[in-house]
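Visitor: Chains as they are written, first to last, in my numbering: chain A, 1 to 494; chain P, 1 to 494.
These are calculated hints, taken from the structure and not from any lab test.
Treat each hint with caution, since some may be false.
You can't tell identical chains apart in this list, so a pair holds if it fits in one copy or across any two.
What the hints assert, rightly or not - With a straight-line cut-off of 35 Å between C-alpha atoms, the simulated DSBU-like cross-links for lysine-lysine are:
(1) Lys-321 <-> Lys-366
(2) Lys-258 <-> Lys-366
(3) Lys-414 <-> Lys-321
(4) Lys-67 <-> Lys-362
(5) Lys-321 <-> Lys-413
(6) Lys-362 <-> Lys-223
(7) Lys-207 <-> Lys-258
(8) Lys-67 <-> Lys-210
(9) Lys-321 <-> Lys-26
(10) Lys-351 <-> Lys-26
(11) Lys-67 <-> Lys-351
(12) Lys-67 <-> Lys-26
(13) Lys-362 <-> Lys-222
(14) Lys-224 <-> Lys-67
(15) Lys-223 <-> Lys-210
(16) Lys-207 <-> Lys-218
Here the structure is a predicted model, which means the values were calculated and not measured.
2 protein chains.
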Amino acid sequence: MVSSKAARNSHGQDSSYFLGWQEYEKNPYHPTNNPSGIIQMGLAENQLSFDQIESWLESNPDVLGLKHDGASVFRELALFQDYHGLPTFKNVIVINFLVKQKENSYYIFISAPSTSHIAFLTSSLHMQALAEFMAELRENKVQFDPSNIVLTAGATSANEILMFCLADPGDAFLVPTPYYPGFDRDLKWRTGAEIVPIHCSSSNNFKITKSALEEACKRAQKKKLRVKGVLVTNPTNPLGTTLTRHELEILVDFICAKRIHLISDEIYSGTCFGIPEFISIAEVIGGSIDDVEDQVHIVYSLSKDLGLPGFRIGAIYSSNKAVISAATKMSSFGLISSQTQYLLAMLLSDKHFTASYISENKRRIKIRHDQLVEGLADVGIPCLESNAGLFCWVDMRHLLDKNTFTGEMELWKKIVYDVGLNVSPGSSCHCTEPGWFRVCFANMSTETLDVAMQRLASFVESGGQGEGSKGSRGLKRLMYWVRQLSLADDRTER
Amino acid sequence: MVSSKAARNSHGQDSSYFLGWQEYEKNPYHPTNNPSGIIQMGLAENQLSFDQIESWLESNPDVLGLKHDGASVFRELALFQDYHGLPTFKNVIVINFLVKQKENSYYIFISAPSTSHIAFLTSSLHMQALAEFMAELRENKVQFDPSNIVLTAGATSANEILMFCLADPGDAFLVPTPYYPGFDRDLKWRTGAEIVPIHCSSSNNFKITKSALEEACKRAQKKKLRVKGVLVTNPTNPLGTTLTRHELEILVDFICAKRIHLISDEIYSGTCFGIPEFISIAEVIGGSIDDVEDQVHIVYSLSKDLGLPGFRIGAIYSSNKAVISAATKMSSFGLISSQTQYLLAMLLSDKHFTASYISENKRRIKIRHDQLVEGLADVGIPCLESNAGLFCWVDMRHLLDKNTFTGEMELWKKIVYDVGLNVSPGSSCHCTEPGWFRVCFANMSTETLDVAMQRLASFVESGGQGEGSKGSRGLKRLMYWVRQLSLADDRTER
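Using the sequences and the accompanying hints, generate a full structural model.
Guide: If you want it as C-alpha cells, here you go:
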C-alpha cells in the first residue's frame, strides 16, 4: 500500500558504507571503556577545530543567548519564515539601510518596520556572510553574489533540490567514479533521475578525461537516457584531491558543447591544506560568457569546513535565475532553523575569526593527514597523493587474496571485525578497481589514530590474519555493556 | 534547460494567498512609523504566548547556552547527524540507561560511549518529549510511541514526505475544501501526486460527509487517478473548527472500505480553546484493529501551538513500519538543527512548563478570537462558529457586488488596497462558494486588531467604497521609506 519509492527502498542504505557504520555503532571504540571496540574511520567528520568555535562563542555569549546589543531577538527568530522568494524580499534597499558594517563585523537594527523584515534580514545577513566566507575560502579570487544563494538543510538537500530543478525522472547526470555513496540516495531516490558513472582509474590517478566523459555519454545514450549534466565533487570525496584547472576546463568545454549543466559540490573547499591549491569552478567560468554561468551550479555546506553537520547549513549558488527561483521555493521543504542561522550569520561575519579559523583548521588537517599517510607507509600501504579532504584514498590492492570485489569484501570484513577499523570499501563508492578504501582521519584524536595504525601494523605483520575471532569479540562487547550499565547506575544515584 | 517541475512553476505561488503577503511586505502597517500601511491578517502566526517561553529560557540559561549540568554540549550537538534509521540506533537498552527522569524533567548523561550515541540521545529525548507533549495536548486520552515518530523540518516537509511514501506520480489524495493553499505545493509539486477536492459547503457548515467523499472518489476515477488516501486538517485550516467524532468515524470507515490511507494534519491541536473538544484521529482508531492503524498517519509541528515556525520542528507519527522506515530515510533531506532540537527537548520535557503554557495559550487565543468575532459582528459580518485555530472563516457574501469568484477578487482587492487589510480569499483555499475569507487574529497586538476592526467598520459604513486611492497610498509609502531611511542614518551614527 505504500509508494513504489518507499517499497523499493532504493536509497542505497544496504551499501557496505552504511553497514560499516552499523557495525561500529554496535561496538564503538573508547580508549578506557571499550579499548577493543571498532574505530570509526568511515565517517568524514571534522573534529579538529571545535575549540576555535567554542572560544568564539564564549567571547560572544549574546549569540547563543539570542541577544543583540543586550536585547532579545528570540521573538523575531521564532517567527522567522522564509517567504520563499517573494520578490520584495530581495529588495536591496531594505537590506542596505538596515545592515551596516562596523569594524569587522555586521550588526542588525532590530527596529525594522516588521518582524518579517527582521527575519529576512537574518537570512540576508547569513547569505551575505556565507557568500563572503565562500569567497575567502577561494582567497577572494572570485566574489559571490548573496542574491544567487539558496540556503538548504545541508548539502544532502542542496544536491537533491538541484536534481529536482535540472532533471526530469529518467534523465541522467554523469558522475565520476569513485563517488560518495550517499549520492545514490541524494540524486536518484525521490527525483527519479539516474546516475551514469564516468569511469576513472588509478592509471592516471583517477583524473577526469575528455574520453571518459564521452564514453559515459555514449553509455547513457545506449540506455536511452537523456544526459542533463555532470556532477563533480571538488575537492573530491573520496579521493581527497582537488580538480586541476585542466580537468575543470575539460568539464566546462564538455558542458558547453553538450549544452548541459555542471554541479560542482565544493563542500570540502576549506580543507585544502596543500599544493596544488584548490580551484573553484567559479574561477574557471569567471571570464566566460554568461551562457556558461547559467549552466554551472555550486553546492556548499558548513558541515565539513566548520565541522557542524548537526546544524544543517547547506547552500546552492547559481547565476541561473530560473534555478534560483525554483530552488528557493523548494527550500521550504528543508529550511534551516533561524536560531542556527543567527549563530552562523554572527560567526561568519567576524572576519578576524574566519581568517584565523581557516588557516588553523587547514594546518591541523595537514598534521592529521600526514600522521595517517606516514603510519600507512610504515606498514607498506600507499595512498593516492592528496591535498584536501578529511580522508585518504588508500591502496590495499596488495592485501587482496583475489583481485575481485569479492576479495575486497573479504578484506573489508577482516578490517572491520578482526582489525576493528571501520573503513569504506571502494566498491561502495562505485570504484571500478577492487582494493581501494576510503579512510577518514579527522573524526578522532591523534591517540586514537595511533591505535588504529598500531592495529593495522599488527594485521599486516601477521600476514593479514587479524588477532581476534568474532566469538571473543562478542564476549568483550557484552562485558563492555555490563560495565557501561553499572557506570550508568552509579551516575543516576549521585 | 531546467526540469519540467522548475519550468512549470506549479507550486501555486501565484495564488492570491501569497500575492497578499507580497502586498503586505511592500507596505507593512506599523502603529507609529506607517499607520496607513497594510495590516497582515493573512498569516496564521501565534504571537500570543512568547513571554511564557522567554521566561522559561531566562530561568534555564544553560539551554540556549548549550550547556548541561554546567558542561558544554556544543561539540556533541555540532556533530549530530541523524543516521536515518540504522536499527541499532533504535535500541531501547541504550536509551533506557542513558535517559532518566528526574523530578519533572529529563536529563542526559554526557559521557555516552560515543558522540553519535549522545547525538542519538538528543534526538530520542526530543522524540520522547514531543510524544508526551502530543499526548498532553490530547489530555492523555492517547499515548504516542516515540519510536513511531520521524522528525522533519516543519509540517511542510512532513506532508511532502508522507506523499512521497504513500503515492506514486499520478496517484491522488482527496482533500476537503476549503483547504490550506500551501497544500498544492506541499503535496503535489515535487511528488507528482494529485489533489482531488472533497467539496464541502456552507449548507452544513463545511462538514465532511460520506456522500461528499464518494463523490470525490468518482471524480478521481473519471480522471483515471488512483486514489491512495484522504488528507484532512484537524483542527481545520482555514475553518477554525474541529472535526466531530462522527466525521472522524466516517473517514475511518471510508479508508477501511477503500483500503487507502488517511493523513491527519493536527498542527493546530494546541489551539482548541472551546467546546466541542478537539478529538485526535488517534483517539478514534485507538480501539480499532491493527490494520487500520497502519493506514493512519498524523502530522504535527510546533510552529502553531508554540509559535515557533522559524525553528522548523515538524513530525510524522505513524504505526506503519514501512512508512516510518522510508520517512526516516527521507528526513535526511530536511533534518532539524541539533541546536534547536536540544532547546525543544529541554523545553518540552519540563512538565510544569507545558501544562501552564497549554492552558494559558488557549485562554489568550480565545480572547483574541472573541475580539475578532465581536468586532465583525458589530459591523454585520458573521463568521463560521469556531473553537480552534489562529483565524476565523469570515462570511462576506453580502458584501459581494456579484456572487462570483470575480466578485470575490474585486472585494479582496478593495480590502487589501483600500481598507489596508491582507486577508485570504476563499478561492485561494479552493472554496466552492464565493465570498468567504480567512482572517487571522493571533499575529498582531490587540491594538492592531482594534485598528483593523475600525478600518473594516468605516469600509462597511461607506458602502464598501474604501477611503483611499492607490495613488495617495503610493505617495504615503514613499514618504514612509524616506522617513525610515533618515531614521536608519541616525542610528548608524550613534
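Visitor: Please go over all the hints and tell whether each is borne out by the structure.
Guide: Tested hints:
Taking identical chains as interchangeable, the C-alpha atoms of Lys-321 and Lys-366 are never at most 35 Å apart, the minima being 38 Å within one chain and 45 Å between chains. Taking CA atoms no more than 35 Å apart as the test, Lys-258 paired with Lys-366 passes in neither setting, with 38 Å inside one copy and 62 Å between copies. In this assembly of identical chains, Lys-414 and Lys-321 lie within 35 Å of each other by CA distance solely across copies; the values are 33 Å between and 51 Å within a copy. For the homomeric pair Lys-67 and Lys-362, the shortest alpha-carbon distances inside one copy (31 Å) and between copies (28 Å) are both at most 35 Å.
Taking CA atoms no more than 35 Å apart as the test, Lys-321 paired with Lys-413 passes between copies only; the shortest distance there is 30 Å, against 48 Å inside one copy. Within a single copy, Lys-362 and Lys-223 get their C-alpha atoms no closer than 43 Å, and across copies no closer than 59 Å, so neither meets the 35 Å cut-off. Taking CA atoms no more than 35 Å apart as the test, Lys-207 paired with Lys-258 passes inside one copy only; the shortest distance there is 20 Å, against 56 Å between copies. In the homo-oligomer, the alpha carbons of Lys-67 and Lys-210 never lie at most 35 Å apart, since the shortest distance is 53 Å inside one protomer and 53 Å across protomers.
For a Cα distance limit of 35 Å, the shortest separation of Lys-321 from Lys-26 across copies, 22 Å, qualifies, whereas the shortest one inside one copy, 47 Å, does not. In this assembly of identical chains, Lys-351 and Lys-26 lie within 35 Å of each other by CA distance solely across copies; the values are 33 Å between and 42 Å within a copy. For a Cα distance limit of 35 Å, the shortest separation of Lys-67 from Lys-351 qualifies both inside one copy, at 20 Å, and across copies, at 26 Å. For the identical chains of this complex, Lys-67 and Lys-26 are inter-copy neighbours only, at 28 Å across copies versus 41 Å inside a copy, given an alpha-carbon limit of 35 Å.
Proximity of Lys-362 and Lys-222 under a CA criterion of 35 Å is satisfied in neither setting, with 44 Å inside one chain copy and 63 Å between copies. Neither within a single protomer nor between protomers do Lys-224 and Lys-67 lie at most 35 Å apart by alpha-carbon distance, with minima of 57 Å and 56 Å respectively. When the C-alpha separation of Lys-223 and Lys-210 is checked against a cutoff of 35 Å, the pair qualifies only within one copy, where the shortest distance is 20 Å, while the shortest distance between copies is 48 Å. Taking the closest pair of Cα atoms, Lys-207 and Lys-218 come within 35 Å of each other only inside a single copy of the chain (19 Å); across copies the shortest separation is 58 Å, beyond that limit.
This entry does not satisfy hints 1, 2, 6, 8, 13 and 14, going by the numbered hints stated previously.
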